[in-house]
Amino acid sequence: MTTTLDSSSMADKGLKGGSLGLVAVIVIGVASTAPGYSLAASIGLVTGEVGAKAPFVMLFAFVPMACIAASFYYLNKADPDCGTNFTWGVRAFGPKAGWIAGWGCIVADLVIMPNLAGISGQYVVLLFSESAANNIWLTTTIGIAFITTMTWICWKGIELSARSQVLLLGTELAVLGAFAVIAIAKSTGGGITRVVDGTTYQSVSPKLSWISPSGLSTSAITAGLVLAVFIYWGWDTCVSVNEEAKDSSRTPGLAAVFSTVVLLLIYLITAYGSVALLGPQFVSDNSDDAMYALGKVALPTIMVKLLLIAVLTSAAASCQTTILPATRTMLSMGSHGAAPPKLARIDRRRLTPDFSTFLFGGISIVWYVLLVVISHNTSTDAYSASIAAVGLAIAVYYGLSGVSCIVFFRRHLLKSVRHFVMIGVLPAIGGVVLLYVFGKTVWDAAGADYAPGTVFGVGTVLVFGTLLLALGIPLMLVCARKYPAFFRIRPEPADVVKDPTGADTLAEPLGTYRKVAR
Amino acid sequence: MAGIVVGIGGSGSGYEAARTGARVADLMKVPLVLVFGYEASAMGPRGGPLEDQIEAVGDEAIAEIRAELAAARPALTIEVEMVRQRPVDALLDVATARNADAIAVGHGGSGPFRAALLGSVTYEIVHRATLPVLVVPNDADDEA
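Order-wise, the sequence lines are chains E and G.
In this text, residue positions in the first sequence follow my numbering: the first is 2, and each later residue adds one.
In this text, residue positions in the second sequence follow my numbering: the first is -18, and each later residue adds one.
No wet-lab data here; the hints were simulated from the structure.
Hints are not guaranteed to be accurate.
To be verified - Computed footprint of chain G on chain E, listed as stretches where at least three residues anywhere in the stretch have a Cβ under 8 Å from a Cβ of chain G:
1. 69 to 83
2. 324 to 334
3. 344 to 357
Where is the CB? At the ideal position from N, CA and C, for every residue including glycine.
Assemble the whole structure, with the sequences as input and the hints as a guide.
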């Protein structure tokens, strides 16, 4: 019975059954998607692009994300590396593409931080005083405190206890559900009318046609999509932790289905309620705090406070899908020799990557303050631009993992119908749609009239999204000079790739990376 | 099958619990089982470099405290289990599987409110364990 240090207790790594029950997997899946915050941040912008058709875009955005989840699932089985897209990109296409995929992930996480912080700052203030919410110094200070706290939490490795998570998520969903139901009820029949700042807003009766794309231009749909993919960001983690679940033959599938149904339903009814209550114009006119503005109309005061709290806790929860993946990617890049090794340092007591976490937190704050200054001093709405920019980054790195999946498993594509669909068709649909959305948005955003605002004469989205992504290229070249060994790694030959549906799917260690000798 | 099961965390944490556990196990003439439970990330893929590094830290922590205890108590049987699971689940599973006499855990001094809200190994163990639990205040020297 004695197990010594070098014994086989660790040899079964990757196969060890975990302890996540059905409810826990659903809670993780839904909570990490942060529905309350995602809606608060994006519903106004999506409505601004597609008007009353917001419910359609909200639903449609799920399709490419779900398809990409298939590639995440199988790539994770082959190489469960915390660097995800980075390591998979290296395996499929070689070090340069992998480096850029990793960079895309980091950029996406970085770009969204100001938005998280901004919404948190604003909603914390709204909780106490509506007038003070316009005080940019107050909200910015709270936003910085928010980033600092989240960074500290990630460094300490604190995770909310399962019961707190269930309670928070339960409140969040209940409040969102109540909001949607009341909003839809109020908008049917005669509806209501409000006059705000001289503009009259009138309820619109919910129509079934809101979930059909009819009458939308391709540009409007892609513009909506690039905003809406953001609301499903994080959902894929639910699929990735499947291996860890109890009774892994049944729980994962059920959990994925349940969490998906819950998410789609809550997004659908909330989108319907938001658009119907005072018409789409009201939502896009109040895109900064659409949920709050609508909540004030639809809900009793106490529920409005709950709504604010729900959005806040949800924003805090989404730090798990923001700081954690970014720092894990940085750690993986550092550890595999693709970036400074310091990024891979871990705190020996808290077992978290401390240097990466602090670096990411620090850059986030700088970036946040920069955006506040830009937004404050120009007509540019940098926050709104950041949601679109994060959509661009997500589209790139998710799109790349879809394509990586097909290229990596190319020898196994034609083995069966299941292989063909799961590692071929689905990743292809997700990858092509997302990369198309990326290309189309960059194309459209190059026009100076592209919402929301411009800097230096070109679309803000283009500046933030593509410039940050493009910054990866010189950085990569610097790393290529400093760490030539990594950049000599060749993509994995197709014949060494194992069948992802087989019993032993684990790939050999990546390139220069070797198991720690023990 | 019996023994005292002790939870060891990153460097330093759980050492005092291990010392107390060792004293009890020595008296009872049962093995001492050092458990290092670890979870690289609750979200997304857990494997790869992060997990390797955590394992390395765990190996080192276990080796350190094991050497200390073995030197102090030559008669004591010390066993080690590295479990790729949440620390709490790892401890409870090992204790149950071994039909252990007691679990010993360190206590770092987080208050009851914080522990209930944010979760704490000690808090959760005390509430979920079906066997005696020995809660040992951490030695200040071991606190990083």
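Evaluated hints:
A count of 5 residues in the stretch 69 to 83 of chain E with a Cβ less than 8 Å from any Cβ of chain G is obtained; the coverage claim is therefore met, three being the minimum. Judged by the Cβ-Cβ criterion of 8 Å, the stretch 324 to 334 of chain E is covered by chain G as claimed, because 5 of its residues qualify and three suffice. For the stretch 344 to 357 of chain E, the stated coverage by chain G holds: 8 residues have a C-beta nearer than 8 Å to a C-beta of that chain, and at least 3 were required.
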